[in-house]
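> Residue numbers (the working numbering), protein chains in the order written: chain U, 26 to 408; chain S, 26 to 408; chain A, 26 to 408; chain C, 26 to 408.
Keep in mind the hints are simulated off the structure, nothing from the lab. Careful, some of the hints might be misleading.
In this list, chains with the same sequence are indistinguishable; a pair is considered to hold if it fits within one copy or across any two.
[To be verified] The calculated DSS-like cross-link candidates involving lysine-lysine, where the alpha carbons are at most 30 Å apart (straight line), are:
1. K200 <-> K327
2. K37 <-> K389
3. K200 <-> K389
4. K103 <-> K37
5. K345 <-> K200
6. K37 <-> K183
7. K389 <-> K103
8. K345 <-> K103
9. K183 <-> K345
10. K103 <-> K183
There are 4 protein chains.
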Amino acid sequence: MPDAYTPRPEDKFSFGLWTVGNRGRDPFGDIVRDPLAPIDAVAMLGEIGAWGVNLHDNDLVPIDATPAERDRIVTEFKAACQRHGVVVPMATVNLFFDPVFRDGAFTSNDANVRSYALQKTMRAMDLGAELGARIFVLWGGREGTETDACRRPDVAVKRLREAVNYLCDYSLDRKYGFTFALEAKPNEPRGDIYMATTGAYLGFIATLDHPEMVGVNPEVAHEQMAGLNFLHAVAQAWEAGKLVHIDLNDQAPGRYDQDFRFGSANVKAAFWLVKFLEDVGYAGPRHFDAHAYRTEDHEGVKEFARGCMRTYLILRERAKQWNADAEIQSLLAESGTNDPTRYSPAHRDQLLGRQFDRAGLARKGLAYERLDQLTMEVLLGVR
Amino acid sequence: MPDAYTPRPEDKFSFGLWTVGNRGRDPFGDIVRDPLAPIDAVAMLGEIGAWGVNLHDNDLVPIDATPAERDRIVTEFKAACQRHGVVVPMATVNLFFDPVFRDGAFTSNDANVRSYALQKTMRAMDLGAELGARIFVLWGGREGTETDACRRPDVAVKRLREAVNYLCDYSLDRKYGFTFALEAKPNEPRGDIYMATTGAYLGFIATLDHPEMVGVNPEVAHEQMAGLNFLHAVAQAWEAGKLVHIDLNDQAPGRYDQDFRFGSANVKAAFWLVKFLEDVGYAGPRHFDAHAYRTEDHEGVKEFARGCMRTYLILRERAKQWNADAEIQSLLAESGTNDPTRYSPAHRDQLLGRQFDRAGLARKGLAYERLDQLTMEVLLGVR
Amino acid sequence: MPDAYTPRPEDKFSFGLWTVGNRGRDPFGDIVRDPLAPIDAVAMLGEIGAWGVNLHDNDLVPIDATPAERDRIVTEFKAACQRHGVVVPMATVNLFFDPVFRDGAFTSNDANVRSYALQKTMRAMDLGAELGARIFVLWGGREGTETDACRRPDVAVKRLREAVNYLCDYSLDRKYGFTFALEAKPNEPRGDIYMATTGAYLGFIATLDHPEMVGVNPEVAHEQMAGLNFLHAVAQAWEAGKLVHIDLNDQAPGRYDQDFRFGSANVKAAFWLVKFLEDVGYAGPRHFDAHAYRTEDHEGVKEFARGCMRTYLILRERAKQWNADAEIQSLLAESGTNDPTRYSPAHRDQLLGRQFDRAGLARKGLAYERLDQLTMEVLLGVR
Amino acid sequence: MPDAYTPRPEDKFSFGLWTVGNRGRDPFGDIVRDPLAPIDAVAMLGEIGAWGVNLHDNDLVPIDATPAERDRIVTEFKAACQRHGVVVPMATVNLFFDPVFRDGAFTSNDANVRSYALQKTMRAMDLGAELGARIFVLWGGREGTETDACRRPDVAVKRLREAVNYLCDYSLDRKYGFTFALEAKPNEPRGDIYMATTGAYLGFIATLDHPEMVGVNPEVAHEQMAGLNFLHAVAQAWEAGKLVHIDLNDQAPGRYDQDFRFGSANVKAAFWLVKFLEDVGYAGPRHFDAHAYRTEDHEGVKEFARGCMRTYLILRERAKQWNADAEIQSLLAESGTNDPTRYSPAHRDQLLGRQFDRAGLARKGLAYERLDQLTMEVLLGVR
């Protein structure tokens, strides 16, 4: 039965085909679930109230499909999306599964592999555009090393830049209107992946031919794997106008890529994140890039997907409550005055001439323990 | 007795006053070593063959010193530097020790603290300029949070930008000629520090008023704490023209800040780093931001500092040997042809029309195990 | 005003003198709070409803105190405890602060240091016994290495065993009635600490002269620093009859020792822990070995301590609710039959002769996503 | 051509069938290498000078094989071993690949799964015994959780104990002469695996019916994943008489299970390990539980395997050199006197009466920086 935490289209919840369709294989174990055909995945997403579905090229079209097969598959998929009221906001390309990419795609030492990766991406862009996507994600899962003997890492950066510049031009040329969203990850499946953090991509974007066409797609698990504060990475991207897309899931730090249900590993971090996205008015998709435990059948997968959305909506409600809490707001009131800090000779002289009461400024308790405890009590629903 | 690993001035080895002067206090234990006066530290650095000495303002001048005391101290210090043939290539500011900074300096919620931090930095720049430094490092050790309740992280980014813009203007105004080097760290002493990685700062620099005046100061330990590949961060910075300074030390991942002797925790990573710096012709200081174990007396501190430099020089020799190794070089020879990847309609059509032998490209062994094992044997001196 | 989450003595909440008395010094910053005298700490603990206070010898008695000073301090402290209705359930010894222990106490290479550590511990036991403590914690904070060159680690194990055996004999001899609780930590303040995990101590205890006198004192932060599941460590200790004491706090994995307010970093892990302790009927102290952020004054410290207890009590209530939830309980009902697994030739033959429907057993969905989502909703108070 | 680092049978180097036979599939990518038949793997191991080959039941015999197929396979395999001069020192059982084990084997909530796991292990023991193995490894790769909602962890410990007790009885009954070696891992493929560390198993063994039949099989990567000092775990096991087997490979901390070539990630840690095993006279197999990068073909796999053994032998030579280095040995000479620490009233009184020169003991430099730098120079071959 619907309640306050039932998803609606305006919530912009999306799932990748590879998430609800994940079959549960891992490095030590075999598949545990039957395949879920893309059109069945779309039906499931429609049923549970999701707004969008995302895909890699080969989630939908097999790598060996003929053009005719490809066209038939795409036609059927579009019909299914329409039938179930599901849109395709984002598309991406799989540059990691096939053995040809075992040592990278855009950064491979083999120029043929680099060219093939470009071609494959262009076709994935054709596919995405045909399905109506306006966001194109690039995750360079194999762009990395197990030994830094294999190439100088600055060479890898140059190769990556060439590729992204090329693809921007292709989008402009074809009038696809894509904004690219670069997705960072520190390691796995490579020993180390180049462009390990969202920050690294923000630095990289500034060196591109068309920085205005390119932003980032931060993923909770990818920053948390390295023990980094995901909110801080998202906020930096947002503040720079570069938050194009976001991958929501969960992850314990310092481990293999877990892709857990959103909020299930660190619900407080998830709370700050939801609060931030809602407070700043982020208008893009809320994409759940997660998958169900291997213990689940298809019914369990559905519960998993529902849980991602419910937890987001519960946390959104808690964020509103936090913002409306009088004691919390009073603790937040900023101290000091906001003197202008634009440089000028006059300001310089005034600033250099000031005397500060260092001990006095240091003495004041900031009541952050109270503030954080109140947050916990809002979060736990006892306030 | 001098050998092939004895440092020379052209090696540009520098140490912070706070490194050889570290007294060994830690969160669970008291100081273990007597203080080392700055002029004695300079004498020690001269004796062991270091080229430069770096300092925070308060490493040399107490925070409460009168202008007269300050001037006397600086005069004596300059004389000591000259006497011992040691230069001051870099200066920085301590915005973390005093309790006034317990919740940040440039990003504090208290406008008075932010102003005081600016003033203190301007005076530290005066000091650095007087000592001849042309690099000014900013490490925001307290710019962070234990609870994200305290401020929105995008506000912190804005405050940080205001401060760096202001300081750039001050340097221009005073004609100090500083290049700023921003130093990232993921956590400690704060629960999370803003601008957690070198990449985050590369992204931030692109949003400044004077990006050309600002680069980064990556530190081995700070990236390795988060389990990140330090070489990759350094290479990205170098490729973007932003490698202004570097902090060499060592660190086991996923731990408190250890600041171990260079090369002593992960000598293979140190090898790739030295090789990169030498291969690309990095001409800046090689700064050892490390300190001796608490088990050491002053003699042990000297051995520690000597060890940092010796290991660098040993690894530099190994890097030359690696570059000259015929088998290694033959394994590195790149496959494929380097077809141009500038976008054009013609290139687009040619690329889209190519047929790739995916299976053939995937089949070829890349011999990276052999390459890495040869590296190990070069490193271990058995080749 | 008291509510359902107001602590009572029967909750057995205790704090170390060093927790509420923490002055906020860290490796990069100075003290931020005035000292809190032990008798004032006891008053504060009484005021906020704590049941017990724990201490290291030197938290109460300075290392250089004369016997007369020591006796006066102890007398006053006992009076304060009585006055404020606070008991001393546990005592311990500081073998890490003084420089004499910079390379270990019981495992030092210096036999004099080892002897001094024993003597100091015996006197701390005298003190603890006098104050009524029946639990004696041993945390070997300096028993470790930065370089494994310094001693063979099996030698360290032998030295540690000698010490614990000796101290057991001393307790028996003096009829102190102590149960020892060994506390593990993986690193910090040493590069690596011997006996890195609670499990390591469980293995060690089995090799002692009096294993029945010795158990463990697991600490949330110490297992979580290494990214380990704290609940699993506690459960193994409990199941083996070795859970003597517990240190409650919180910690993000892969970082410096944070000692955060209980439940504030990973509230779901805290929930499972509280549920376990309550479900199994753990009757020992709930000791909060945490400290307030450096942003706090003494009022903030009080809020911090209150928050530890409130969160425990909130989670205890949530655990009861979880146990009483009909849907959760129905999902938990165990499948299969519990056939006896005591070995016998007859059972062996019967087992070897069975045919299992492997595919059938593999097919069943276990509904753990639903179960975990229900847990989240109980925890967040929306169920 | 053979050199000082060419393996000989007395070095007792072994590889699992699953190591050289690894086909390179990972969570994000497909297989990259053709299958290597067990008898071909044995031939390869013989060719490169390995002494032994280990196996899981299903590495050799498919899970669905008929008894006749099984017997034929085993006969052929024994012949191949004999032909190539390779022994089978260790056998184990695969309780993780088949979906039936998706929620554990011995600790599953389903009694049928638990029984099937026992039966499968008994048959794997039959197989191992037939092949001449005297060590039986148990790695409970699926004994764990993604959510602790699914079972109480003390229940898991009890179930695990029942299973190991049963299997000990089976070995005794069948007169197989097995020593069991329990292998810990903190996580992956489960969110958390029970018995996360070697220490946890040492504690568990003490609670078994036949502790004398059971020891541990520590794996480099499994302790290093959690950032723990592997040497310390091995030393504790050795000192307790429980080091039955060892898995050599390498791993960066805080990541997915990498199983890199021995010594290739942290060669200094590998050095201390080899030195310890050789110094104490460990006489068991040196098993390399690693696999080649995905970039490799079968020739690369061979280089990988050769590299594991070469690096071990290089480090063994370096360890001898370290032991023979006069300066190192002089730095190691122990300070203080070894006074007896057996408890007695007389010793007690003497100890309590001693006066220690705390400051004097604290003042002495221990020269560990020098000692560690000398170690680096021995390791790097410049001494």
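> Give a verdict on every hint.
Verification of the hints:
1. For the homomeric pair K200 and K327, neither the shortest alpha-carbon distance inside one copy (37 Å) nor that between copies (50 Å) is at most 30 Å.
2. Within a single copy, K37 and K389 get their C-alpha atoms no closer than 43 Å, and across copies no closer than 32 Å, so neither meets the 30 Å cut-off.
3. In the homo-oligomer, the alpha carbons of K200 and K389 never lie at most 30 Å apart, since the shortest distance is 58 Å inside one protomer and 38 Å across protomers.
4. For a Cα distance limit of 30 Å, the shortest separation of K103 from K37 inside one copy, 19 Å, qualifies, whereas the shortest one across copies, 61 Å, does not.
5. Neither within a single protomer nor between protomers do K345 and K200 lie at most 30 Å apart by alpha-carbon distance, with minima of 40 Å and 50 Å respectively.
6. Taking the closest pair of Cα atoms, K37 and K183 come within 30 Å of each other only across two copies (29 Å); inside a single copy the shortest separation is 35 Å, beyond that limit.
7. In the homo-oligomer, the alpha carbons of K389 and K103 never lie at most 30 Å apart, since the shortest distance is 61 Å inside one protomer and 33 Å across protomers.
8. For a Cα distance limit of 30 Å, the shortest separation of K345 from K103 qualifies neither inside one copy, at 37 Å, nor across copies, at 49 Å.
9. Taking the shortest Cα distances, K183 and K345 sit within 30 Å of each other only across copies (24 Å), while inside one copy they are farther apart (45 Å).
10. With identical chains, the CA atoms of K103 and K183 are never at most 30 Å apart, being 37 Å at best within one copy and 43 Å at best between copies.
Hints 1, 2, 3, 5, 7, 8 and 10 from the earlier list are contradicted by this structure; the remaining hints agree with it.
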